[in-house]
Structure formats: structure tokens, C-alpha cells
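Undergrad: So the chains spell out like this:
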Amino acid sequence: MQYGLLASLKEHQNTLLTTWSQLLQANGSTEGVTEEEESKEFASLLLDALQHSNGNTKSEEFEKVHDLLIGISISRVRRGFSIRENAQYLIAFKEAASKILLEIESDSAALYSSNLELSRLLDNMAILSFESYMKGHEDVISRQIGEISEISTPVIRVWDGIVALPIIGTLDSSRTQVVMENLLQQIVDTGSSIAILDISGVPAVDSLVAQHLIKTVSATRLMGADCIISGIRPEIAQTVVHLGIDLTGIITKASLASALQTAFDMLQLTVVKRK
Amino acid sequence: MTTVTNKEVLLIAKEQDVVPLRSKVKEYGVNIGMSILNQTRLITAASELVRNLLKYGGGGKVTIESVSNARDLGVRITFIDKGAGIQDISLAMQDGYSTGKSLGLGLPGAKRLVNEFHIHTELGNGTTITIVKWNKG
Amino acid sequence: MERIPILKMGDFLLVTIQVDLYDQLAENLETDLIETIKKNNSKGVLIDISAVSIIDSFMGRILGNIAVMSKIMDAQTVVVGMQPAVAITLVELGLSLNGVISALNVEKGMDLLRAKMYNGDNEEQTYDDRNQ
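Protein chains in written order, with this note's numbering: chain A, 11 to 285; chain B, 227 to 363; chain C, 45 to 176.
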């Protein structure tokens, strides 16, 4: 019902942009220069939407605004904007729009309800913006986790038919799963019958991780290969016993070297010194 | 809050109906970008449960839905039969494999393969089982 | 009626499973295998499951059955080519596939069968720590 007033904001687009920019800078946000294009587009699209769609947030015009806002939020994560700056983006816009309304309307009842409406619209957009920002953040983190996982589990073909996977760093449940899938795939890819999983670089193992390790060994055996776990630190050995985890049937060796010796034995290979 | 984005119902009356069910579940899994391993888990669990449907429930209906909540995408499958119902659920949910005997209804195994597992049974009125597998588990 | 082909490879038989095994098909396979083992006096059966992406308890039972039936006919069964995702799922499902021996591929499977033939399968080749 106060859309008429909000609709007329479009005529004041330029002033709004200037005010918005000033407010952002006053808040200490980074200079508005690089944002100008996308912000101008955002403002323009939003004011168009206010003008044409009677506040119907499901309309096509508003969809365009929402999509753009999502894009802006996600790109701002990547460009290193803080969450505060992200929030201030829309808060400042709201303030700028409010100031203009004050200038163009004198009737306080009309002013009050259009401000209320403006708040409703922009607050919802703020939520959208936060969600997208968070999603963007999570995407960055997942990608980084993926990269770290890949680097931190190298696969070494130590011999024909024997492959070693030394794990470095903390093993949590999800990382162990990745290691497990990786190990099994390596067995297929390299045609190795024995995989040595070395955990000397792992400081601690909890019950869930131990279960996954046992699962890994069982799965390798189902596939027709075998898995030796080496490098179990004394502390881990103690934890395993205290947790009541049953390691019978799992071949464990103190070091990768002895695991290799065991693997040779299993493949009936002998290393002989030349005369 | 979970929203449903897609839904299909399959009627299971004979053994040959299991194969199209598996394809359908795979299709839904692929559509939400589920990893191969998770697809395998989901389809295997569905396979177990649909065989139960046939064997003990006298056939029934399976509903497959793609679902989403704030953080993840998933596939939800509901198995409904109007068979005799399960006498003792707590017994049915116990693992039998350690004794080396048959797997019974395979319910605990199927439960381990998915993220959410709900079962409702009424003697003489049938059983409804709902499972959900999320992408990020 | 669809039947799964059984290939003769010397003393051994090779079965490659590429379709979903439903009741009738599985039963036919068991019957065909037993007859073929008898007819050829086969010493081993290789079941190639590299194309199988889902193994549920039904399929597990079939594999177990085949292993036991063949053993009675004095033939050893080796399952080859299990996919990693299948292996992980089987472990999580709790299906232990007792009585079924596995190898990574057909070649290794045949090596295993030959070794068992010559060593006799009474001595289980279990690994143990031997003091050198």
C-alpha cells in the first residue's frame, strides 16, 4: 500500500547511490570504487522492482535482485570482505533509502509505513545475503579441505604389488574415510596386493577412527588384497586397548620398515645380499 | 526444515520390480551429485529393504524423494507394506551376523548405510520404513 | 530364459556377472555351474564381479552358495574384481562373505587357484610371524 512511495524512490536513484556510498565509506568499509558497477546494478534492479512489482518478493523483478545479491555476497567472500562489511552493505542502503523517503514525504503516517515496508524487504534480503555469504565461506573451506586431503596422503609404490600410504597429521572421522577410499582405489589402480597404512605421523586415534581403520582392512581383504597398519605409537596402542577396540586379525607393525619386511614375506619375496 | 524437490512412487509387486527401483534411486542420487560410494550405500540399503517388502510384506509401495535442508541435499526413500508387521522390533534391529546365521531382516545393516532410519510397524497392519541419505552425510 | 555364460579356461571356469541377478537368474547360474563343473571336472571357478556395482545380502548369499556347492564338487571358488565402493558397503552392511576367497583380478585369481591346486587346500596359507 505504500508502494507508491517506495516506487518513487526510482526517480532518486542517483542521490540514493551517492548517499549510500557516503554511508559505506563513513562506516569504514573499503572504498566503493570497485563495487560501483555491481552496486549500481543492484540499486537499479531493486528500485525497478519496487516500482513495478508492488512489493511482491516472489516476482520476477525481485528474483533478479535476489540472484544478483547472492552473486555479490559470494564474490565478496572470495574477495576477502568481512562479515561486518557484508552486513553493512545492506544496512547502509536501507539508511540511504530512508533518508530519501524523509526528503520526499512529509506525512508521518505514510513515512512510517513505507519505512516499515522498506525494512521488511531489506531485512529479508539481508538474511539472504548472510546465507549466501556463509555458503560461499563453506565452499572455500571445503575446497581447501579437499586440497589438504589430497596433499597429505601421498601414495608410494614401494615395490611391485606393494603400496604405502603414510598419513601425516590429525585423523578425524571424515579424513579417515577419505584415506580409506583413496587406499582402496589405489589398490585397484596399481594392482597392488598389499597396502601399508603408516600412521606414525598421527598423534592420536579415537574410537571412530579406529573403527574406520579396521573397516579399511576388512574392505581390502574382501577385494582380495591385504592391509598392514604400521607406525602405531605407544600412546595409540594404549588408547586402543583402553577403548576396548579389538584388533585381532589386523596385522600391525611398529614401523613402516618392518611392515615392508612383512609384506615381502607375504609375497614370498626375499632380499638377498650380493656376494 | 526439510523441503522436497522431487518425488516418485513405485509399486513393488514382484522381484523384477527391484531392478527399476535401483535405477531410480541411482538417478536421484546422481541428480544431487551424490558420491559413488554414497550412491552404493543408498542403493544397497534400498535393495535390502525392498526385498523385505516383497518377502515379508507381500509387496507394497516405495516413495523416492529428493530433499534438501539448509545445509545439504539428500534422497529420502519410504517403504510401505500392509503385511503382518514386525513382531519384535528391538530383536529385528539386532545384528545377527556375529552368530554366523542368516541376516534376518537386514535392518541393522541397512541402518548403518544411511543417515536417518525410522521404522513404524503395527501387527496386522504392516510396516513403514523411511531412510534418508544426505550428500555430506 | 536369460542365462549367464560360463567360460571354460583350462581347469577353471570363468563367470562374468554383468547384470542384476534376480532369483531365477541366480538359480539358473547355480545349476549351470554345478553341471559344468561336473562335466569338465573343473578344479576352480572364477567369478568376475568387476562390473557389479551393488552387492546386497541376496547376492552375497548367492556367492556363498556357489562357493559351498563348488567345494562339494571339489572346485575352489574365487571372486575377483570387487569394486572399492562395494567392498566398503559390504563391510558396513556386516556381510562377511564367509567361505568366499577373493583376488584383485582374473589373473591373480588364477594364480591363487593354481597355488591351491598344487598345495592342496588343506593347509591354509595364513600369514604368521616366523622367526627367521
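Think of the hints as simulated: they come from the structure by calculation, not from any bench. Note that the structure is a prediction, hence the values are computed from the model and not measured. From the three backbone atoms N, C-alpha and C, an ideal C-beta is built for every residue, glycine too. Treat the hints with care, as some may be off.
[Stated by the list, open to error] With a straight-line cut-off of 25 angstroms between C-alpha atoms, the simulated PhoX-like cross-links for lysine-lysine are: (1) C/LYS152 - A/LYS225; (2) B/LYS281 - B/LYS308; (3) B/LYS308 - A/LYS225; (4) B/LYS233 - A/LYS225; (5) A/LYS145 - B/LYS308; (6) A/LYS68 - A/LYS50; (7) C/LYS52 - C/LYS115; (8) A/LYS225 - A/LYS283; (9) A/LYS104 - A/LYS50; (10) A/LYS104 - A/LYS20; (11) A/LYS68 - B/LYS233; (12) B/LYS308 - B/LYS233; (13) A/LYS74 - A/LYS50.
[As the list claims (entries may be wrong)] Taking CB as the label site, the calculated pair distances span: (14) A/ILE155 - C/VAL112: 25 to 33 angstroms; (15) B/ASP298 - A/ASN37: 45 to 53 angstroms; (16) A/LYS68 - C/ASN72: 31 to 39 angstroms; (17) B/ASN295 - C/TYR66: 54 to 62 angstroms; (18) B/LEU236 - C/ASN142: 32 to 40 angstroms; (19) C/ARG105 - B/SER249: 19 to 27 angstroms; (20) A/ARG130 - B/THR231: 43 to 51 angstroms; (21) A/LYS145 - C/ASN72: 48 to 56 angstroms; (22) C/TYR66 - A/LYS145: 54 to 62 angstroms; (23) B/THR231 - A/ILE155: 21 to 29 angstroms; (24) A/GLN23 - B/THR231: 54 to 62 angstroms; (25) C/TYR66 - B/ASN257: 21 to 29 angstroms; (26) C/ARG47 - B/SER249: 48 to 56 angstroms.
Undergrad: Range hint 54 to 62 angstroms: satisfied by the CB atoms of A/GLN23 and B/THR231?
TA: Since A/GLN23 and B/THR231 have Cβ atoms about 37 angstroms apart, the given range 54 to 62 angstroms is violated.
Undergrad: The hint says 19 to 27 angstroms between C/ARG105 and B/SER249; measuring C-beta to C-beta, is that right?
TA: holds (22 angstroms)
Undergrad: Do the beta carbons of A/ILE155 and C/VAL112 sit within 25 to 33 angstroms of each other?
TA: violated (46 angstroms)
Undergrad: Do the Cβ positions of C/TYR66 and B/ASN257 conform to the proposed distance bound of 21 to 29 angstroms?
TA: holds (26 angstroms)
Undergrad: Quickly compare the C-alpha distance for A/LYS104 and A/LYS50 to 25 angstroms and report which way the hint goes.
TA: holds (15 angstroms)
Undergrad: Check the hint pairing A/LYS68 with A/LYS50 against an upper bound of 25 angstroms on the C-alpha distance.
TA: With a Cα-Cα distance of about 22 angstroms, the restraint between A/LYS68 and A/LYS50 holds, given a limit of 25 angstroms.
Undergrad: Hey, A/LYS145 versus B/LYS308, does the alpha-carbon distance stay inside 25 angstroms?
TA: violated (43 angstroms)
Undergrad: When you check the alpha-carbon spacing of A/LYS68 and B/LYS233, does it fall within 25 angstroms?
TA: Answer holds: A/LYS68 to B/LYS233 is near 24 angstroms, not above 25 angstroms.
Undergrad: Run the distance test for C/LYS152 versus A/LYS225: straight-line Cα separation, threshold 25 angstroms.
TA: holds (23 angstroms)
Undergrad: Taking 54 to 62 angstroms as the hint, is the beta-carbon distance of B/ASN295 and C/TYR66 inside that range?
TA: violated (36 angstroms)
Undergrad: Assuming the hint says 48 to 56 angstroms, is it satisfied by the Cβ distance from C/ARG47 to B/SER249 or not?
TA: violated (22 angstroms)
Undergrad: Just to be careful, I want the Cα atoms of B/LYS233 and A/LYS225 compared with a cutoff of 25 angstroms; is the pair within it?
TA: Judged against 25 angstroms, a Cα distance of about 34 angstroms means the pair is violated.
The earlier numbered hints that this structure contradicts are 3, 4, 5, 8, 14, 15, 16, 17, 20, 22, 24, 26.
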